[in-house]
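J.: Modelling step: build the complete structure from the supplied sequences, incorporating the hints.
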Amino acid sequence: RNMLQKSFRSLLQVPARPFFGNSISRVHGQKCCPYKQNGKPLSQGRVEEFLNANEYQPDKKIWWKPNEDFTRLTRTYYIKNIFCAVEFVKDLYEMDAETTKQIPNVSIKHQDLVQVELYTKQLKGLSYRDLELATVIDSLDLEQ
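Its first residue numbered 4, the sequence shown is counted upward by one per residue in the numbering used here.
Errors might be hidden in some of the hints.
Said to hold, decoys possible - Pairs of lysine-lysine, BS3-like flavour, derived with a Cα cap of 30 Å: (1) 112 / 83; (2) 127 / 68; (3) 93 / 127; (4) 83 / 104; (5) 43 / 127; (6) 104 / 93; (7) 124 / 68; (8) 83 / 68; (9) 124 / 104; (10) 124 / 43; (11) 43 / 104.
To be verified - Using C-beta positions, here's what the derived DEER-type ranges look like: (12) 49 / 90: 31 to 39 Å; (13) 142 / 111: 19 to 27 Å; (14) 81 / 42: 36 to 44 Å; (15) 55 / 114: 31 to 39 Å.
Hints in this document: simulated from the structure, not taken from any laboratory.
Don't be surprised by glycine CBs; every beta carbon is placed ideally from N, CA and C.
T.: This is the structure we're talking about:
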């Protein structure tokens, strides 16, 4: 009877999450990645290709700027006043909820500057969704 109780108890014990952090993929040898990038961020070349295709010019401050290692994209918007800035941020998050669901980092600086940073934490870099979100944000009408 003691042996039966011990084996029954061992069946009740839940293993300590053997696959935590390493989801099993359908394709052998690849990580399960919701971004369809095999768990890797976009390469510098791919980010540069996106920026060049969208008329990125380093001397202009009105377009998306990559950081040194091309893992983040940042853009700063000048907005009329703090009320318009808050409305812009609200519109940005509503639009993101309907499209990519990436949740960008947004900060309001000096009451009239809104800085938007795109980055995918799980990949420790940029994903295709970040680039899609950059394109969608640029389609916003800031004159309203």
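J.: For the hint 31 to 39 Å, verify it against the beta carbon of residue 55 and that of residue 114.
T.: At roughly 34 Å between Cβ atoms, residue 114 and residue 55 fall inside 31 to 39 Å, so the hint holds.
J.: Given the hint that residue 43 pairs with residue 104, does the C-alpha gap stay at or below 30 Å?
T.: 19 Å, holds
J.: Mind checking the hinted window 31 to 39 Å against the Cβ distance between residue 49 and residue 90?
T.: Because 33 Å falls inside the window, the suggested range holds.
J.: CA of residue 83 to CA of residue 68, is that 30 Å or under?
T.: The hint holds at about 22 Å.
J.: Determine whether the Cβ-Cβ distance between residue 81 and residue 42 falls within the hinted range of 36 to 44 Å.
T.: With a Cβ separation near 37 Å, residue 81 and residue 42 satisfy 36 to 44 Å, so the hint holds.
J.: Assess, step by step, whether the Cα of residue 43 is no farther than 30 Å from the Cα of residue 127, and give holds or violated.
T.: With Cα atoms ~8 Å apart, residue 43 and residue 127 stay inside 30 Å; holds.
J.: Given the hinted pair residue 104 and residue 93, is their Cα-Cα distance within 30 Å?
T.: Within the cut-off at roughly 14 Å; holds.
J.: Check the hint pairing residue 93 with residue 127 against an upper bound of 30 Å on the C-alpha distance.
T.: The hint holds at about 26 Å.
J.: Mind checking the hinted window 19 to 27 Å against the Cβ distance between residue 142 and residue 111?
T.: 21 Å, holds
J.: Next pair to validate is residue 127 with residue 68; report whether the Cα-Cα distance is within 30 Å.
T.: 17 Å, holds
J.: For the pair supplied as a hint, residue 124 and residue 68, confirm whether the alpha-carbon distance does not exceed 30 Å.
T.: 18 Å, holds
J.: Holds or violated: residue 112 and residue 83, Cα atoms, limit 30 Å.
T.: 12 Å, holds
Every hint, counting from the list given before, is met by this structure.
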